[in-house]
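A.B. asks: As a plain string of letters, each chain reads:
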Amino acid sequence: MANIKILLVDDDPDLIIAVQTILENKGYEVVAAYNKKEGLELLLTEKPDLAILDVMMEGTHDGFELARAIKQIPEYEKLPIIMLTSVDSITGVNFKAAMSDPNWLPADEYIDKPVEPNDLIETIEQVLAAKADKR
Amino acid sequence: MRDVLNRNRRLYLRSLWMINLRWIAILLVAIITLITVYYFRIELYERGIYFVCLLLALENMVSVFFLRRIGKVKEIANLVNNPPKKIKQDYIRIKRTINFQILSDLFLLTLLLYYTGGVENPFVFFYFFHLAIASVLLSQKETYMHTVVAFFLFVILVYSAYFEVLPYYGLHINKEFVDIHLYKDSYFVLKNTVTFVATVFILVYLASSIGRKLQTQEEKYIEALEKLEEKDKIKNEYVLRVTHDVKGHLAAIQSNLSVLNSRILGPLDEKHEGFIERAYKRTFMATHFVRDLLKITRLRMMESVEGQPFDMIRILLQAIKDTRANAEEKNIELTEEIEEDLGIVVGDEFSILEITSNLILNAVKYTNENGRIKLKAIKMRDDVLVTIQDNGLGIPEDEKDKIFEEFYRGSNVKKIIEDGTGIGLAIVKKVIEQHGGVINVESTLGKGSKFYYILPKFS
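Line order of the protein sequences matches chains A and B. Counting from 1, one number per residue, gives the positions in the first sequence under the numbering used here. Counting from 1001, one number per residue, gives the positions in the second sequence under the numbering used here.
Treat each hint with caution, since some may be false.
Quick partial rundown of chain B residues pointing at chain A, CB under 7 angstroms, derived from the structure [stated by the list, open to error]:
(1) K1247
(2) A1251
(3) A1252
(4) Q1254
(5) S1255
(6) N1256
(7) S1258
(8) V1259
(9) S1262
(10) I1264
Taking lysine-lysine pairs in the DSS-like style, the calculated list, with each CA pair at most 30 angstroms apart, reads [said to hold, decoys possible]:
(11) K37/A with K131/A
(12) K1281/B with K26/A
(13) K1074/B with K1379/B
(14) K5/A with K26/A
(15) K1321/B with K131/A
(16) K1271/B with K26/A
(17) K1376/B with K1321/B
(18) K1095/B with K1072/B
(19) K1321/B with K1220/B
The hints are simulated quantities; they were obtained by calculation from the structure and are not laboratory data. No residue lacks a Cβ here, since even glycine has one placed at the ideal position from N, Cα and C.
Excised from the complex, chain A in its bound form:
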């Protein structure tokens, strides 16, 4: 577990602390960014194995845009992405539907906020296992 690095992007520092604690407690290495730009920079310097992205940051679809930008970089085309969402929030995006179109939302899974430790860990393990199977 120690060699798995997770990129966490969210504009709410209080939420980042909570998620970071849960992940580090489970042995993951976490690098955190607070917006789309920082997230992209950290991606290139830290080379994470998985990304967890908040959907609404400065812009209502920043998370979507970041996910699409990541998938366009050949090296990270296959990087597993988990969206951290307020599904029933202002945008009204239906994530199950959005994820069925990889061009619209190229994510592997989504977790509805608030984050529950067990759900988060379980989702990460599932996504990583699915990725390992594909290889």
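Starting from the known structure of chain A, fit chain B onto it as the hints suggest.
C.D. replies: Same frame as chain A, but now just chain B:
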């Protein structure tokens, strides 16, 4: 713009109503003629009367053709697809159809009266009906124009007979009929003409004043309704904004509390444990409430549902799969009986999946351990019927109608189950209705409830 659209719709429907009445009138004229001639043995100029019936039918067909060219009533009342120019054009065209109908009716009524005794015919006052309709549907100017036309037609009818300009077709009763030739009686003709003029103008004045008042009132109501809708929209947007912000804070609080509450950082101090657990529980409930509030507000703001055709069986089986673990936790037996080839429904399959799961989870919540829940789905001719039956707490008889209202919770469950928001069933109802369906419940207190919803099939 909506008031003009509503006016268009109203006038269009009235125009159709007039066409339907005219078909009935044609039939009645033909039947009355037959009865008059063959039962009462009154001689009539039948050929003339049937000729008028034929002209009336022709008028109806022309009117239907005009209306069809304007469009269907649904298209006319559609605010989204109708640009203001088209709405105005439709209005003029519908009014033209009504004017055509009333004018033709006045002419044909005169012709009918001409063939059936003119001023001697007791039905001579039938002109009033058309003018009353005109007063309600048309402008005052148009109505008075029709009144003047009616007046001239009446004068031509009675005085052409009086001065013998045209051949007279009278009502002759057998051979014993005493021909008193009222149409030649100057006093009778003048008396009838004066009465006709006075009555017709007073009638039109009264009817059009009342009609105008009603119209102004209707316009005011529509205006008030529009204002209310606008305010409701602002309120919904406000609720959405506020709730969304609150949800952000709650998400951060709950996520942080969950780190402690899940004990992943180690056991909690006994003194602090209770406080953390209570705080976590209440935050959990608040998040749940805020989430439901967001959902119902968004549904309220949605005018219609977009979606694709989907297989109803797949959605129902998925709902069962998603909720089975919750049922098993309480050792509740969750069974299904779904008819094969249930059908295709059009809409948002994720919403239908969610509300079906919600209905099952609701049943789980309000059913005691070791209970039973059954999902049953049957196909009907045009619909799909889904029932979710449990042997749980049930709903008091006088509360059944209220449980789909927002923020309402059954009095018998409030104390037992704390974490209901009172919005869940309102969301279910809204989603079903947006898909063109209906939802209802049958329930016996203490014995269980049966929720059922019907969704139209895709054909």
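A.B. asks: None of the hints should be skipped; say for each whether it holds.
C.D. replies: These are the hints, each one checked on the structure:
{"no.": "1", "hint": "K1247", "in the structure": "holds, 6 angstroms"}
{"no.": "2", "hint": "A1251", "in the structure": "holds, 4 angstroms"}
{"no.": "3", "hint": "A1252", "in the structure": "holds, 4 angstroms"}
{"no.": "4", "hint": "Q1254", "in the structure": "holds, 4 angstroms"}
{"no.": "5", "hint": "S1255", "in the structure": "holds, 4 angstroms"}
{"no.": "6", "hint": "N1256", "in the structure": "holds, 5 angstroms"}
{"no.": "7", "hint": "S1258", "in the structure": "holds, 5 angstroms"}
{"no.": "8", "hint": "V1259", "in the structure": "holds, 5 angstroms"}
{"no.": "9", "hint": "S1262", "in the structure": "holds, 4 angstroms"}
{"no.": "10", "hint": "I1264", "in the structure": "holds, 5 angstroms"}
{"no.": "11", "hint": "K37/A with K131/A", "in the structure": "holds, 26 angstroms"}
{"no.": "12", "hint": "K1281/B with K26/A", "in the structure": "holds, 24 angstroms"}
{"no.": "13", "hint": "K1074/B with K1379/B", "in the structure": "holds, 29 angstroms"}
{"no.": "14", "hint": "K5/A with K26/A", "in the structure": "holds, 12 angstroms"}
{"no.": "15", "hint": "K1321/B with K131/A", "in the structure": "holds, 25 angstroms"}
{"no.": "16", "hint": "K1271/B with K26/A", "in the structure": "holds, 26 angstroms"}
{"no.": "17", "hint": "K1376/B with K1321/B", "in the structure": "holds, 15 angstroms"}
{"no.": "18", "hint": "K1095/B with K1072/B", "in the structure": "holds, 15 angstroms"}
{"no.": "19", "hint": "K1321/B with K1220/B", "in the structure": "violated, 53 angstroms"}
Hint compliance for this structure: hint 19 alone is broken.
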